[in-house]
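Novice: So the protein sequences, as listed, match chains A and B.
For the record, in the first sequence the residue sitting at position 181 is 1472 according to our numbering, with numbers rising by one throughout.
For the record, in the second sequence the residue sitting at position 71 is 165 according to our numbering, with numbers rising by one throughout.
Just so you know, these hints were derived from the structure itself, not from any lab.
Where hints are given, some of them may not hold.
Stated by the list, open to error - Using 27 Å as the maximum straight-line C-alpha spacing, the simulated DSSO-like pairs for lysine-lysine come out as follows:
no., chain 1, residue 1, chain 2, residue 2
1, B, Lys221, A, Lys1521
2, A, Lys1298, B, Lys120
3, A, Lys1441, B, Lys221
4, A, Lys1441, B, Lys248
5, B, Lys221, A, Lys1569
Here is what each chain is made of, one letter per residue.
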Amino acid sequence: MTGYCGKLLRVELSSGKISEEKLDEEIARKFLGGRGLGAKILFDEMPPGADPLGPENKLIFATGPMAGTYLPGCGRFAVVSKSPATGGFGESYSGGFFAHELKYAGYDAVIVDGKSPSNAYIDIHNGKVEIRDASYLTGKDTADANKLIKKELRDREYKVLSIGLAGENLVRFACIMNDGDRTAGRTGLGAVMGSKNLKAIAVRGTGGVRLAYPERFRKHALSNLEKLMKNPWHSGAAAELGTSGCVEPYSAMGILPTRYWEKGTFEGSEKISGLAMKNTILLGNRSCQACPVACGRIVEVKTGPFGGVRPEYGGPEYETIAALGSLCENDNLESIAMANQLCNAYGMDTISTGSVIAFTMECYDKGLITERDIGFALEWGDAEAIVKLVGLIARREGFGNILADGVGEAASNIGEEAIRLAVEVRGLEAAMHEPRGKKGLGLSYATAPRGAVHTEGFHDTHFVNENSLPQLGIVKAMDPFQMEGKAPYVRIVENYKSFVNTLIICSFMAYTFAQVVDVDDVTEMLAAATGWEGLSLEEEMAIGERAFNLARVITIREKGGIVEDRLPLKYTRPLQDGACENNTISEEELTKGLSEYYQARGWTPEGIPSKEKLAELGLEEATMILEKMGAYNGKNSIHSPRTVH
Amino acid sequence: MGKILSIVPELCTNCKMCEMACSLIKSGEFSPMKSCIRVIAFPERNSFIPVACFQCKNAPCIKACPVNALFKENDLVVLNTEACTGCGDCVTACPYGAMYFDSSQDKALKCDTCGGDPECVRFCNFKALEYKDAGSTTNTKVMKLARNVMKELKPCIQERKHAI
């Protein structure tokens, strides 16, 4: 095989058994890599109903055929597992340099299961794989652990994924850190690693990746680079401000989540904007492997109440700034940088962390909890309290322990009124994009296999004009405030994005910012690498749709055959300010939108992937499972906005 | 006058396109161990240093080579790969860590500016790498940086010959 290594690595932590197996080319063509390959393995191998924090859960690190090459943005991998936050399909993606290194070491993916009897890390050095003692790393911050591992293994070129105290403490939204400043953030996969007593995975590869047609690949890589550099974001703003450049425009558009989703504009947005960062704490920017854009931030805060922010942990990007900033009505950028560093050191998802803190602020504001409950006052915008809470959550200390299991659990703990305020879907705190201002995104939030994520693809603000995405056949101008009629387009974009997440490429190269979608060069590069004949956009969309459906089936299976597509109750209430003032997504609107979406997707009226659709995608084994669970009996969906039970 | 690679580390973002571009054009596969340019990364210092042969006027590697496989031609330090015996003395001699070693061939490995059309320059999006007249180049700063870094990482240099 070319492009691929053709090899999977298996590590069983309970027994310590390490083995390799061949990657079947048929499976590769059908599921590609990343999300697709991860979903296939998880579906086939994890026993249904497994405890996400138990030894039977699988933790799959999947690259794809492009990692190791210079297809712009290909330095990326997926982590797939059953999520302890949602109880369903869990996945997260990360850039950095790990994917390339794993391919150079000779593996397309690593499949981990079991539980190590004591704290351990996996050392992959080309074909030599060992499980090593990590007891001396217990409790260490992620960057410190990485340094010590590279020192122990005497090679600074190792690439290391690690968890911090949050993962070790099974914080429900603990993440996997990737060499300090990159992360596989969402769905609590750091807790899965912690539950397996797996502190880190270190990889060193000195081999290479071969292509079927190098000349052809090179030609299309250069063409792709040229196209990317014609785009204003990729050729300038990305390096200058990264995604932090979104803060002010979003506030102006009324879609910057503020005051725990009560508002869409933030008075302090100027102080926490990308430009503010550039003029104060920004040291520079950096790339992931094979990235011509370099959107990563590097910041430093030497003095002051939030002094001690170092370059190695990177700097806050948009989601972090919103979650720990506007969502909490916090306009102190240095505190956001410090909170970001703490989240990276402890290994916690910044979106979920900021969300639970902002949720707590609202509960406090409404008198549902008091200073006595928390241990200190928690007014909106209290920067020091935010930083303090991050530590308490990671260490599961005091009130931090209540928040460490996510906003849903925290709300249940506090009471009925709190449950009505919680913003999450199936246990995943919503990302920092306002569906009441982008209603197509609302459909994604409700239906995405892993919960309320913004990265399934559809952002309505990209489609206000005609001819926005001709490469995928979307030419109609659409109103962001309307959900009706959007479903077919949401499906198209989600399918392509799902392909991008199986290939894998950074979505900023393929599709997200300002519409750079280079279908042709990407297809050519995939064909030139693998040597596959007859590869087309149709096949790529099918690969994406297949992975999406399989991920959804896994979620449905793990939830006992129940479909839980819904939105938080808060989204039925009007935004209080800004350009989207008074917007809501009513229960009726959502029900109608979902009905259209299920139809567009070829699912049953209850949202179960139909037998016909699954047959079309070659997923007959999924049909069998759904049938056995009685999922097709027409009784199994919950899609009203969250109400109190 | 010949042209050589001009390296500005302040503009490097650690994307490693140069390593991949070089290894692909030279060896037909993507493999940093076959690249004649490598980026040394210090993320904690916000510093990334691409290192490739600086085509020294008084090259220590030429002096070190026992079989005269290295010589100066048109402002470039040229490696005669056929004559190379794989002793590794040039690797040790280079104070900048710019002489590499291909263990699969048992030969030294160095930048030859791709015969006048450097591939790494083509793929660097950040202008950290340029192709300039040997006289006008500003490599003094990066050479000093590389020299200091090599002193710091000295134990690795001897190991690099036996990297695989």
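Novice: Take the hints in turn and mark each one as holding or not.
Specialist: Taking the hints in turn, this is what the structure says about them:
no., hint, result
1, B/Lys221 - A/Lys1521, "16 Å, holds"
2, A/Lys1298 - B/Lys120, "26 Å, holds"
3, A/Lys1441 - B/Lys221, "31 Å, violated"
4, A/Lys1441 - B/Lys248, "16 Å, holds"
5, B/Lys221 - A/Lys1569, "21 Å, holds"
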